[in-house]
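Relying on the hints, combine the two individually framed chains into one complex.
Protein chains in written order, with the working numbering: chain P, -17 to 394; chain Z, 166 to 464.
Hints are computed from structural coordinates only; laboratory data are not their basis. Do not take every clue at face value.
Stated by the list, open to error - Calculated cross-link-like contacts (lysine-lysine; reagent style BS3-like; alpha-carbon spacing at most 27 Å):
#, chain 1, residue 1, chain 2, residue 2
1, Z, Lys292, P, Lys194
2, Z, Lys385, Z, Lys409
3, Z, Lys255, P, Lys194
4, Z, Lys221, P, Lys194
Stated by the list, open to error - Partial chain P-side listing against chain Z, Cβ under 8 Å, derived:
#, residue
5, Arg(-15)
6, Ile(-12)
7, His(-8)
8, Val(-4)
9, Ser198
10, Arg199
11, Val200
12, Glu202
13, Ile203
14, Ile204
15, Leu205
16, Ser206
17, Ser207
18, Val208
Glycine included, every Cβ here is placed at the ideal spot set by N, Cα and C.
Single-letter residue listing:
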Amino acid sequence: MRRVLIVARHEYLVNVRRVGFIVMTALVPLLGAAGLFVAAFFGGQAASFLASTFVPEEGNIGIVDELGAFTPILPEYEELIHLYPDEEQGRAAVRSEEMASLLIVPEDYMDSGQVTIITKEGGFSAAVLEDSDTIQAFFVDHLLQDEVDPQVRRRVADPIKPVIVSLEEEAGEAEEGPLSIILNLMVPYFLGILLVMTIFVTSGYLLQGVAKEKTSRVMEIILSSVTARELLAGKVLGLGALGLTQIVIWLGSSVALSGGSAGLLGIALPFMVRPQVLILGVVYYVLGFLVYAVLMGGVGALGTTQQESQQLAGIFSLMAAIPLMLGGFMFTNPNMAFVRVLSWFPLTAPTMMLLRLPMTQVPTVDVVGSIVMLLLAIPVILWAGSKVFRMGLLMYGKRPGLRQVLRALRQA
Amino acid sequence: MPHTMLETRNLVKRYDGFTAVDDLSFEVYQGDIFGLLGPNGAGKTTAIRTIMDIFKPDEGTIRVLGEPPGVVRRRIGYLPEERGLYQDIKVLDVLIYLAELKGTPRSTAREQALSWLERVELSEWAKHKVRDLSRGMQQKLQFVVSVVHGPELLILDEPFQGLDPINVDLLKRLIRELQADGKTIMLSAHQMNLVEALCERILLIDDGKGVLYGDLADIKREHAPGTVRLRTSDPIGALPGVAKAEQRDDTFTLTLEGITPQDLLRELLDRGITVESFEVATTPLEDIFITVVKERDNA
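Next up, chain Z with everything else stripped away, as it sits in the complex (with noise of 0.2 Å):
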């Protein structure tokens, strides 16, 4: 059993009667990079916002690190969607008061504040005024800010928002690098690319609700029942359970009824027929995605 970083149980928040969160619950676990999605307004950021202490749930509990929120604020990092940074302090003062903030004593503070600025590419802007910087570097700045203390959680509200493509590969390499380090993820996104590139488990909601929720590979599977692709150069005929057959060059679009896609496969060897390559086919997420809001809106 996966070790639990953070649940919420029926989480509600309302403003002014409008509910921004409904009865949400998930769980992120332990080394996990776990994805918030949903479309704009769908209640991610409040959600977060209230995970991290800021707003108070009007329903639910909520556990981070098997504490109530606000308990273990400095093994938490958060990257927030509203963005800013003192403009006027150098960067690595910047630095070492979030850090100290977040009780890394300030001799520590420091050599981790110069070690990030070095993995970001910004050693030599330490001394310089946040204001110096460009808008690139004051996101990658923004990014270290919420790593700097070596938190175990790290959560993550749109981080690739306005980064440039070289910079989003650089903080999906760099996630990848907190992941394997054994960190757990947790980042809210609306760039679906991204999120199928990074993330194990996905909780998507839709007018606060959590709409799909689990592991990515088995909601894609889910979303294309019995599709397979298979390359072969040996005619294939007729196959058991196999409904409709389309073929391009040498590879077949296969959908199945009745059988699964090992099924098939096994009825493959047992005739001979050379595999090349077999593949359970899925669904772009982003389709996912888009059918699921749809089907709740025309509801």
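Next comes chain P alone, as it looks inside the complex (with noise of 0.2 Å):
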């Protein structure tokens, strides 16, 4: 065991003075510092920017009222919908671009519901101005002027407000809002990726450690000292222990920057909504560095040169991004039963749980399953990873064939 701690000693120490670690640790702060900047200076620039560029001037809408439901506009829209007699002078209008867009209403509107949207563009500003609230209260107020009163008129325009509480979350707090939507989806989901991210950054230095010892010829000596499975054991614990360490720096860093509550609060609180997930977030977090960084290691010791390594073990980083690709569906149903496959194959459950538990309430027998995959599977990875990583380490210039791979899991 001593001689483990003392290569995880000598991994961290000089994996931590690496440039390539140095930078990818300090860019995630700067670019937080780089936003807080941008926000704290041009803020309320950017925003007035993006209401310019997505948002039509509410103001500069023309309507032409064929149906005659419309006229006159009613006082409290009058300065925002300006009425036009006939299509041609509305049109001249947004060519002149005194007007953003044009509504056309027409004759049978209460029959079809239909209406024309004119702007000198097109695409999303016309997407944006149907669902803007303003012209659906618009169009509720001015049909049921004379029916309903205005308070359910103004229900009708806006009728659901939701606040939404679950069953199983009812002792937490609910929220509403988009907020809610970024904490609960948005949020876990970029840290899923980070933690992905620390996982391949820190196996991948394993990677090209246990190359360039095996380019540089100085396996021999180490070997002469420890055995396979000690040397490896070492690095995976010292390279673990490095990928702790950016994560910390990466936390502190978000704390210290927000001011303290904010950055914690927005990382943390899916996580506080259920402690269960953060607890499991750690268990997955372990488990899958173990399966990558032995598999990174074995594989480490297969190529002949670093960038003949590197083109080995991209075959399993894909695999394990294969869950991040997924991103999308995971978004719109985490349950579904590719979802669930995958998060019971030891080579890719590591993400997709990682991904998938902040997001729903994952299955327990999914929880249960995948963990017991994955710590079935690592010790037959540790085995097979030194079998191979004992074998490749000494095989200079030439790379060891599948026959000679089987022969060496053969061999005692």
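Listed below in structure tokens is the structure:
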């Protein structure tokens, strides 16, 4: 064990000084700081720029009322919406940019519900106009003005302001609005990606380290002092600590940058709602790191050069990235069959579960099943990894073929 | 009976149906400088790697310091044929790390590393990265790596390979000093003059098999039987048991038949011949090596 710890300390100290590690570790806080800087100094301008780009000026909406239900325009809309006697004049106003868009309400509107929206450039601004709350309210108010009192009209125009309460989460605080969506979906998703990144960055260091030790021929001296398994275990431990350092720095900097509470709250809230998610997150992170670190160690020993080792490792990295590629599916249904299958497969399970856990109530059978599969897979991967590691380390200038790998696995 | 530090019995190692080490048995005694000789591809490095527990043997037994391979790693120093060091790490840090892996406490490792760097004249490079060292310096450092933790048994695979004559001399001196300190050394080499100068016992292997094994002086004598070199200014005349005599100035090379060199010396003294020098002539190890290997090739 002492030798494992010596290797671990060596690996940690060597890699913590790597330019790649320092840049990667500093990049996240720097980007955060840059974001805060932009928000502080250009926040106002940026917001108005975005608004002017994506939201049409509501005061610049013209309407041609062929139905007659919108004439005269109710006083509360007079400043926002202008009436044009015919389509020609309305089009001219849009062309001259006097109006951003023009609504044509045809005579058969009551039957068809169809309204023509004319804009200069079309596309996004027309779509935004269609969903605009003001336009919805404008139509409801005018169509029902003589029949329904104003309060009911307002309710019809905006019938639902949802307050979502999950029975399973009733103990926790219910939230509402877009912030809730961001906290519940986006933050865990990006946190998941961040954690997955640390797994790959650190296991990538392991791959590079092994390939480098192999090509620099230092490996034989090391193997005269420690066993292949001790070496691999030491490397995994040292680089695991390195990954942890990175996460602590990222979390610490996010807390510092946001003045303490906001950043921590943003990251921790989805977990705090269900503390078991946090615990399981740590479990999957550790198991995921172990699986990939050992795999990368074995693969790193197979290549004759660092590049060749990296190409071989690409196959496994791709496998772990599958859940990230399926992010869209998971947003819509985090418990779909395919997602559940990938949660059980040891090579995709850590990534998949890290992404799934904060998003939904994952069935207990999936959690237990995936952890059991990982726990069964890790000793097998460690056993096979150290066999391949030992064989690959001493084959200079020649990559072992599948037959040799299989023979190494058969040897006691 | 000398204490055995290393012993192999009927060692066999195969790769893909090719037998690299074939039924190899030998012993290295305490305080020996033992030479493992053989042409390129004879199986020296494979035998060493099996002893070092880097490869597993297919058959046979190995005992290193009385234990199976791998049990006593920290008491062995190893200089592999395939050499390399961490290029981006400082010289002193490399030595401390590798000594720690051999079980030396960090503070002791540091002291010993500094002492060895001084012995090989690399003290001023302790704080430099390994990549800043010249090739010759790196080779000396590589040797220090194998001895820095104070091993009882030192296994050096082709230690003189690529060294310039000055560093060859330095390494020879260091090996002798280690022997004087009570260490046991096994080295593989193909430079016969160096083996002759250093080793007391040897094993010559060819095609993975041991073909000559034992005390170097005995082996040389066996391969040059009955030849003595005598210097005298007296006439020697016809001597019994001398089949052939060649004279150059006052040195005679005598080929004996049916008598030992001791018998001849006694006869010379009995006859009152003044013996200025008398030596049993030996064949250079290189000649023995070539003869034995060629004989096997022709067989």
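Okay, the hints, checked on the actual structure:
Restraint check for Z:Lys292 and P:Lys194: the C-alpha separation of about 22 Å stays at or below 27 Å, so the hint holds. Our distance criterion of 27 Å between C-alpha atoms is met by Z:Lys385 and Z:Lys409, whose separation comes to about 20 Å. Distance restraint check for Z:Lys255 and P:Lys194: the Cα-Cα separation of roughly 16 Å lies within the 27 Å cut-off, and the hinted pair is therefore satisfied. Between Z:Lys221 and P:Lys194 the CA atoms are separated by roughly 24 Å; this keeps the pair inside 27 Å, and the hint holds.
Satisfaction of the interface hint for P:Arg(-15) is found here, the shortest Cβ-Cβ separation to chain Z being roughly 6 Å, below the 8 Å cut-off. The interface hint given for P:Ile(-12) holds, since its Cβ lies 5 Å from the closest Cβ of chain Z, which is under the 8 Å cut-off. The beta carbon of P:His(-8) comes within 5 Å of a beta carbon in chain Z, closer than 8 Å, and the hint placing it at the interface holds. Interface hint status for P:Val(-4): upheld, as the beta-carbon distance to the closest one in chain Z is roughly 7 Å, under 8 Å.
With its C-beta approaching chain Z no nearer than about 4 Å, P:Ser198 sits inside the 8 Å limit, and its interface hint holds. Evaluation of the P:Arg199 hint against chain Z yields a held restraint, the C-beta minimum of about 3 Å falling below 8 Å. At its closest, the beta carbon of P:Val200 sits 4 Å from a beta carbon of chain Z; the interface hint therefore holds under the 8 Å criterion. Because the closest C-beta pair between P:Glu202 and chain Z is about 4 Å apart, less than 8 Å, the hint holds.
Taking 8 Å as the C-beta cut-off, the interface hint given for P:Ile203 holds, the closest approach to chain Z being about 6 Å. Taken as an interface hint, P:Ile204 checks out: its beta carbon lies about 7 Å from the nearest beta carbon of chain Z, inside 8 Å. With its C-beta approaching chain Z no nearer than about 5 Å, P:Leu205 sits inside the 8 Å limit, and its interface hint holds. With a cut of 8 Å, the hint placing P:Ser206 at the interface with chain Z holds, because the nearest CB-to-CB distance is about 4 Å.
Of the supplied interface hints, the one on P:Ser207 holds, with its beta-carbon coming within about 4 Å of a beta-carbon of chain Z, less than 8 Å. Satisfaction of the interface hint for P:Val208 is found here, the shortest Cβ-Cβ separation to chain Z being roughly 6 Å, below the 8 Å cut-off.
Against the hints set out earlier in the document, no violation occurs for any number.
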